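Please model the entire structure based on the sequences and the hints provided.
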Amino acid sequence: MRRYTILVLTAFMIVLAAVAGMTFPVDADKKIMGVPTAELTAYTTLPAETAAILSEVYERENHVRVNFVPMSSQEILQNIRDDAVSDPTVVRTVDIVLADSKILREAADLNLLKPYTSEANDAVKKIFKDEQDRWVGVWYDPIIFCANRDYLKTTVDLPDTWEKLSSTHKIRVGITDFLAADASANLMFQMIGNFGDTKTYEILEGLHSKVVQYAKFLSNPVRQAGMGEVDISVAVASETFRYLQNGYPLKIIYPADGTSYLLTGFAITTDDAAKNQVAAKFADWLLGDEAQVYLQTNDFYFIPTNPQTLAYKSFAGKNLLLFDNQQKFSREQQREFLDKWIRDVRLK
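Quick note: the sequence shown uses this note's numbering, first residue 15, plus one each step.
If you are wondering where the hints come from, they were derived from the structure by calculation, not from laboratory data. Watch out, some of these pointers could steer you wrong.
[Stated by the list, open to error] Between beta-carbon pairs, the in silico distance windows are: (1) Lys167 / Gly261: 14 to 24 Å; (2) Glu133 / Lys167: 40 to 50 Å; (3) Gln291 / Glu70: 15 to 25 Å; (4) Asp164 / Pro50: 29 to 39 Å; (5) Glu350 / Pro50: 30 to 40 Å; (6) Glu350 / Glu133: 39 to 49 Å; (7) Lys140 / Asp164: 34 to 44 Å; (8) Arg357 / Glu133: 45 to 55 Å.
Bear in mind that the values here come from a model prediction, so they are computed numbers and not experimental data. Ideal Cβ positions, reconstructed from N, Cα and C, are used throughout, including at glycine.
What follows is the structure in structure tokens.
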């Protein structure tokens, strides 16, 4: 069991924010000096607010405008595929993609992405990037157990595995409906891929009897644990970090038998050599501490994949056991898994 060390992250935030703050006058001068020297068009699955933060900061500091176009994963794949087969004399409409790694894997398999390497890229672990450097994960968001501090005072046998959480008696659990969010559905699929479907449904059935209410949003289980409405929630780490920063009485327990995660990755699609270089620099910036500072100061908390960053080094759960994230279940299989959960667990 590993727990999140809030004081370490707070200290990290203070130091990096102070360093970043020293550059503001220079950045302000740069903004006044003129228009961006380069532009990139990026397809993304990020929320518009997150993309806007990255675009604004990067343009101010590097004089490169990144025009994010929010899309679903399937829209991204279809658009870059159409772009690749269009008239080769016509400039491509998209230069980079910042999206869920699942769609990047599919695009790489279709040879739609351009390899890129750098020192920062090379430092990233193999599980977070493509073997041929056609895409690289920049940060990830794991599923963790978020426990109410008052509950922890009542027990010495902490449920630090999925089986233990499922079999613990007299405990109230919060969780997001598997049909309501990709992160929640992804948890089920990765559990099936790593534990097998029989064991996974046994765990989910055990949890079901303890669930107070299936939430519709990823933030609600964390709020429930913070308010004492449940004892432990199955939640995304990013939302838990945010509530911890706001003073909620929570503790993070990292599942000792592994956990699922959503990985956000970066890829280059342009054939233009000049834009390719600009895109590579943006990728390195995303892999660095600076991007994390601005995300965290705006209440977005993700775990960087680059082990050289201070953000990664200060993260207490950096060595948590992660499930194999490359399960290739078809959409039909995924629907069948969800239907079985509804039929045999939730409505049983």
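Each hint tested on the structure:
no.	hint	in the structure
1	Lys167 / Gly261: 14 to 24 Å	18 Å, holds
2	Glu133 / Lys167: 40 to 50 Å	46 Å, holds
3	Gln291 / Glu70: 15 to 25 Å	22 Å, holds
4	Asp164 / Pro50: 29 to 39 Å	51 Å, violated
5	Glu350 / Pro50: 30 to 40 Å	48 Å, violated
6	Glu350 / Glu133: 39 to 49 Å	44 Å, holds
7	Lys140 / Asp164: 34 to 44 Å	41 Å, holds
8	Arg357 / Glu133: 45 to 55 Å	51 Å, holds
Hints 4, 5, counting from the list given before, are not met by this structure.
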